[in-house]
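A.B. asks: Numbering (the working numbering), first residue to last: 1 to 73.
Since the hints were derived computationally from the structure, they do not count as laboratory data.
Treat the numbers as computed from the prediction; the structure is a model and nothing was measured.
All residues carry an ideal CB built from backbone N, CA and C; glycine is no exception.
Please note that a few of the clues may not be correct.
Pair ranges (Cβ atoms, derived) [unchecked claim]: (1) I21 with L72: 31 to 41 Å; (2) S71 with E20: 14 to 24 Å; (3) V51 with E20: 13 to 23 Å.
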Amino acid sequence: MHETGLGHLPGVHLIASCPEITLGCEFYHARYYVIEDILSTKFPIDEGHVVVPDSPGLGFSPDIEKIDALSLK
Numbered sequence: 001m002h003e004t005g006l007g008h009l010p011g012v013h014l015i016a017s018c019p020e021i022t023l024g025c026e027f028y029h030a031r032y033y034v035i036e037d038i039l040s041t042k043f044p045i046d047e048g049h050v051v052v053p054d055s056p057g058l059g060f061s062p063d064i065e066k067i068d069a070l071s072l073k
């Protein structure tokens, strides 16, 4: 799950909260693991940088309809 947006969110917050981390970090969506992300919206990108969400929790909501469609029943 680390290749999904939901998997990236904790890392985004960790890196943003630790000024000691000065190395660049890549976040990518590997299409060979999942075809679609399960977040309701995409990460905002500004000049090549992920914008850290400031809404409650991790900052994004999962797309429940996508999760239902991808779940085994």
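A.B. asks: Please go over all the hints and tell whether each is borne out by the structure.
C.D. replies: Each hint tested on the structure:
no.	hint	in the structure
1	I21 with L72: 31 to 41 Å	holds (38 Å)
2	S71 with E20: 14 to 24 Å	violated (39 Å)
3	V51 with E20: 13 to 23 Å	holds (21 Å)
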